[in-house]
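*Asks:* All chains should be built: construct the whole structure from the sequences, respecting the hints.
Protein chains: 4
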Amino acid sequence: MILDLINTREFQRLRRIRQLGTASSTFHGAEHSRFTHSVGVYEITRQICDLFQRNYPTKTPQDGLWDDHERLVALCAALLHDIGHGPYSHTFEHIFHTDHEKLTVTILTSPETEVNQVLKRVSADFPAKVASVIQKSYPDPQVVQMISSQIDADRMDYLLRDSYYTGTNYGTFDLERILRVMRPYHNGITFHISGMHAVEDYIVSRFQMYQQVYFHPVSRSMEVILSHLLKRAKYLFEHKDLEAIGNPSLLLPFFKKDFSIDDYLKLDDGVLNTYFIQWCTSPDHILSDLAKRFLNRKPLKSVRFSSKTAFLLPELSKLVSEAGYNAEYYTATNDSYDLPYDTYVPGSTKKADQIELMQDDGSLVELSAVSSLVSAITGKFSGDERFFFPKEMLSSSEDPEVFTPIYQAFQHYLKNRWVIIPKNADK
Amino acid sequence: MILDLINTREFQRLRRIRQLGTASSTFHGAEHSRFTHSVGVYEITRQICDLFQRNYPTKTPQDGLWDDHERLVALCAALLHDIGHGPYSHTFEHIFHTDHEKLTVTILTSPETEVNQVLKRVSADFPAKVASVIQKSYPDPQVVQMISSQIDADRMDYLLRDSYYTGTNYGTFDLERILRVMRPYHNGITFHISGMHAVEDYIVSRFQMYQQVYFHPVSRSMEVILSHLLKRAKYLFEHKDLEAIGNPSLLLPFFKKDFSIDDYLKLDDGVLNTYFIQWCTSPDHILSDLAKRFLNRKPLKSVRFSSKTAFLLPELSKLVSEAGYNAEYYTATNDSYDLPYDTYVPGSTKKADQIELMQDDGSLVELSAVSSLVSAITGKFSGDERFFFPKEMLSSSEDPEVFTPIYQAFQHYLKNRWVIIPKNADK
Amino acid sequence: MILDLINTREFQRLRRIRQLGTASSTFHGAEHSRFTHSVGVYEITRQICDLFQRNYPTKTPQDGLWDDHERLVALCAALLHDIGHGPYSHTFEHIFHTDHEKLTVTILTSPETEVNQVLKRVSADFPAKVASVIQKSYPDPQVVQMISSQIDADRMDYLLRDSYYTGTNYGTFDLERILRVMRPYHNGITFHISGMHAVEDYIVSRFQMYQQVYFHPVSRSMEVILSHLLKRAKYLFEHKDLEAIGNPSLLLPFFKKDFSIDDYLKLDDGVLNTYFIQWCTSPDHILSDLAKRFLNRKPLKSVRFSSKTAFLLPELSKLVSEAGYNAEYYTATNDSYDLPYDTYVPGSTKKADQIELMQDDGSLVELSAVSSLVSAITGKFSGDERFFFPKEMLSSSEDPEVFTPIYQAFQHYLKNRWVIIPKNADK
Amino acid sequence: MILDLINTREFQRLRRIRQLGTASSTFHGAEHSRFTHSVGVYEITRQICDLFQRNYPTKTPQDGLWDDHERLVALCAALLHDIGHGPYSHTFEHIFHTDHEKLTVTILTSPETEVNQVLKRVSADFPAKVASVIQKSYPDPQVVQMISSQIDADRMDYLLRDSYYTGTNYGTFDLERILRVMRPYHNGITFHISGMHAVEDYIVSRFQMYQQVYFHPVSRSMEVILSHLLKRAKYLFEHKDLEAIGNPSLLLPFFKKDFSIDDYLKLDDGVLNTYFIQWCTSPDHILSDLAKRFLNRKPLKSVRFSSKTAFLLPELSKLVSEAGYNAEYYTATNDSYDLPYDTYVPGSTKKADQIELMQDDGSLVELSAVSSLVSAITGKFSGDERFFFPKEMLSSSEDPEVFTPIYQAFQHYLKNRWVIIPKNADK
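Residue numbers (my numbering), protein chains in the order written: chain A, 1 to 427; chain B, 1 to 427; chain C, 1 to 427; chain D, 1 to 427.
Be a bit skeptical, because a hint or two may be false.
Identical chains share a label here; the pair holds if one copy fits it or two copies do between them.
As the list claims (entries may be wrong) - With a straight-line Cα cutoff of 20 Å, these simulated EDC-like cross-link-like pairs (lysine to aspartate or glutamate) come out:
1) LYS292 x GLU114
2) LYS292 x ASP269
3) LYS298 x ASP4
4) LYS391 x ASP360
5) LYS266 x ASP99
6) LYS136 x GLU238
7) LYS292 x GLU112
8) LYS120 x ASP50
9) LYS102 x GLU112
10) LYS292 x GLU10
Hints are computed from structural coordinates only; laboratory data are not their basis.
*Replies:* Right under this line is the structure:
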């Protein structure tokens, strides 16, 4: 059954969608796909089920132990949790207002998909059950928390996998040990306190991966370019400049805001890139320039700013405009909080957002109450707000070129990769 | 300079071409690109140059030691040795008669490429020098052998990298130790005999990677499908069935056998896959079926045959036809020798095809003369000839279906994954 | 020269002294010696010197760059920094009032050692120079900080090595990257800010190794036993009970407080263990029991206590006495602060105790000022004070045995591995 | 129960006996003990039992599947298979005519050991059953082959462990995959053919570890010294030169050829080394010199010889004598065949000496019949016969020293690390 799901058209499509989107432009090597991640999440979930069934099988209803009848729904949800993702997911969603979670549910429950055909072989309501696990509305909290909680199969796989493929040394933790101390209880999944250090190490690894990989300024800069490129194409379509955008047939339904699930399933990274390649020769200069910057990896530069220097950004954008760049497409501000972010926050009111350890006498204690390390880093992450602009603004040409004074004025506001208030403020 | 080469349009394009083509359908994870491999070859070459310069710098002309003036040409050749590769390289070449080695030379020496612009900054003849290293006609054998010989930076990188990304345990060897015992001499590069075991281990690893990864039957089967898919599209184009192939604009120059270097540089895996996605809905059944089999990973099955059973293949093909499959597109025979293959063969007459070790007294000895392990495996590889056919031929339906007798007749010729001569030969 | 130093009797002796003492009783696998660590520190130092010489060679006196004439003294100090360590170093020192740092200096500078013979071949004052590096009084701060500072070759080697041999996943960090961003300056060694995350990761790894390996309660418990065993033997010697201690000839000079450097160099782990084996059959019951507990790994148990429960420890000791154990030898309190401890403390007044990063414009910034992670964990470690006692006190025998009430009274004070104030305090 | 066995005095003693004896003098790092290996063999056996019980539980008697009642005897045998090993096992046995296999049986079955006490808790005949597994006389071939066969838990653990601790890259193979294809059958244990490459890789790794680690000339040279040192001590004891050997009380029973199991259990590496330290100051020059060479790692040198040059060895020994060395103690010949050796030999008549793979249809095929790699290396190992002599014989002093002509005559017979027949044979 799992093999049949893997062999569906919808799942095989994940081979053509990179897990980390633009991050491979920073960490070459990180070219792995959502396919390989999804199989990994399945495998970790299978191991958890095996361990639960061996060590904590339910004996009486409501005893808080593991009911192995839940195995199949857990495994299917694990395998299919990302089935609704499309190419460059977050950016694409932002521009075209798609929603990968809703699309996941649609793919699972729509009779026209192969995935739905396979799932229905179990029972008519099985597709909806699998979908409800992914939507966190499934009644068994153990199954839900396996797939989505602070320490779930999804996160454990992507942290280890992304660490492996990016080649960083961060992000590794002792998966085997964490699995060994996991145990089911009434409200979901907990960890025996003897494994506290392994859990602690996982939290630190996650913290480091976010700061050092997922929020890397160059990847974010490539995302800015991608976003502006798609925005420009959409603008041109809406202004009927069809010559400029050519005939991106597989994208048209999305420009027209009228797409079927089948249209969505035809998209992948390669399809988008193919249109970008065609746009490189577009008569619209902004479209062709952004397409080239994206394909040939010419990131925007960025500097950090704070609430105290944010007031200078309009001035910086103005200088970018004066230097000949449309500021709408060649500047951006964003901070890490725009991105999917999840440093562990203890004391959250939502159950799944707590990590609880089981003590010798069976009582539970929240992780940060016993781990000085987790307690220390909790809530300590300071934002990483950045202003993006074309690299050319940093030119240091001594030639009496027309733009040189603009570049110099721009650089006056920067120091050590931060926006600063120049000393001679009336400049 | 190296950074400028990496930032060219032609080199960035390698990010969109997978190193192992169809092998990622067998070893998911092996989704790395030619970009990351090329950077790796550069890095190993840089380390060799550093070690040579530190330990064996030339003092007098013709002393057989390392002349660091050769560094730049070596590094550029290392980085750019694969710049002429296109998507699904071997298969594409086979159908469209392109030649990645010639294309590499063109990309290096043609004034319209960015790579050529950067190389020319060194000197007018520098692009041609780099090209000659890749063509093995450069006069300094040390530089040539760094990039292409039995133990070169290219092979060392791809064996280790492919092993890492496929997740196999084969293919690893002690790179650091091999580099440490490498040394230049008049006729190229040799290895001190104290590192014999590391060199031996490299040869064994190479042997294992070929047998277990590069020749994997499923990857070869996917290559058969790809090859037949492109052949069908070409056939339809040549028979003017333009409705069937749609408008694969970036491929048309290749159908027309009239393409520019710029046309070639627009191709990548994603572009081909985009047309395959479109072909899934082609009115030509063979084209659409092969496109779906390729994209959704439905490999042909295969069995091994020997010279004694080869005579049965026409009969098997005939049965495949009878079952409703066009045998030209749904069967194939190939053996591993069709594929790029390079088990170490000692005693070759070509200099670069020998591995020689330097003894304490400075004399050289060929590897297999001192290594019982290499001597043992040399020339021992037996071919792996296979016949490919649709999986459906293995159906075991008990239903009184029209094709069932054909399937049974077909299966009569197979046992334990080999073609056999059935006992009742007059059947 | 380095090979000659390695081949001295004094250095070879380090093969017979385990790096982690009693820790191998907790982390079996951690059986590596001070020899292998010392060679590792040498190797890292060599790499630093190579990188400094390649990238930052001095050009004019006092330019703050690397003077490669310092290489030899740095390498020798790296190799020999632990030459004065004896078996179970910290415990032995505690009982016999030896001092491994002073002994290191003596071994380097005393004409009777082979090490001294080799060093003197450089110059008459070379042994003293090497010694002064280890004593941190050598004038060149770069050399001193290579060997001892917050990120030195010594710590980097032992963290990675101990992590490897204990088999924990903690303690790993990106050595190669740290070395790449290291650079010399006037006051010692700094790190380019682009490597901040690697440095940060090193600090976190160090923190984790201390909490999870070096302070492990079982290892500390074995150290308590060892300490009490040696204390008992010394007591018996001082009370002339020679029958009880037999004839531990190689230890006698230490009992007599009159030992030569040659006496010291005859000791190793095996020598001490040999006497422990003999003491297993001593007529003194405490000596023989402690020897057996040490050799056969019967650790004391321990519970944590706080300043609020410390007042109960005499009562607990009293109960141990009542159960038949001499509390002087069978109980102990210690906290991690007794052990060599070095969480990074920013803002220290001593230069070597700061980690400073070099920014783009050449200015320095202290690590915790830019790393939210290091800032968070700094000074957050809470002590781990423990009370040790015989495992037998936790017996739960239901038999109406004579000691059962004592055990029960004892256990009344313990909960979840902590000392507690029992509810019924007048019990 | 397993924990209780680990906590016995006899098992804890294995912590003080290095797994690889003198090999740590070549591969520093390889300082791991028989304790850690024994625990590893237990762990692999446990995994095999788990997999067998999950996938191949017996249903009817004699169905050739796994009977989990055998688990305990298998686990105990795995854990205890090396319990009879003493310090520097092979050399010690050679000199003192002990036999670690017989001693293992004695330790298991003798009522005075703690191990026997624990085993007897299962049943009176359980110790003998465990012993019979180790002696290969136990009736269930599956249990026997888990512990000793061509691919057993013992070998798989030591190859991986020794590879890890020596830091070589050889010796690794895919343990997890091998375990996954293992399956029980009537005559023992077989492997599904789909895992052939993993099995093949194991055989190659084993071949490489023997050639590159276990037979390393320097380790063998240190073994020669150790052997001669013990031989000399025995000689002195037998000739009543008690002053020369001091009072090695724990060794005396072995000199006297009258030792109890308790005497044997008091020995470990440290005890022997302690006597060697004392012998360094012995008035017998041969004893003290060999002790120093052993402790301070001054290996003999060695050269290879063949059947054609063996006739020259008496002449070489004579020259060593003339240079002042007692040839009995300062020369030796040995070849790798003297050492425990086990390259896989297919076609052996003994069942356990075959590796058989199970094909799709359930039939078995011997490994080398299907693996060209194993077939190639089988029986290809050529011996490595060596002549050992003092390093001083290679001196190249130009001084008109008395021994110089002898050294020159000696060196006349050597070239490129081989014994040769000098050209001027009448010299």
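*Asks:* Which numbered hints turn out to be false for this structure?
*Replies:* The structure breaks hints 6, 8; every other hint is satisfied.
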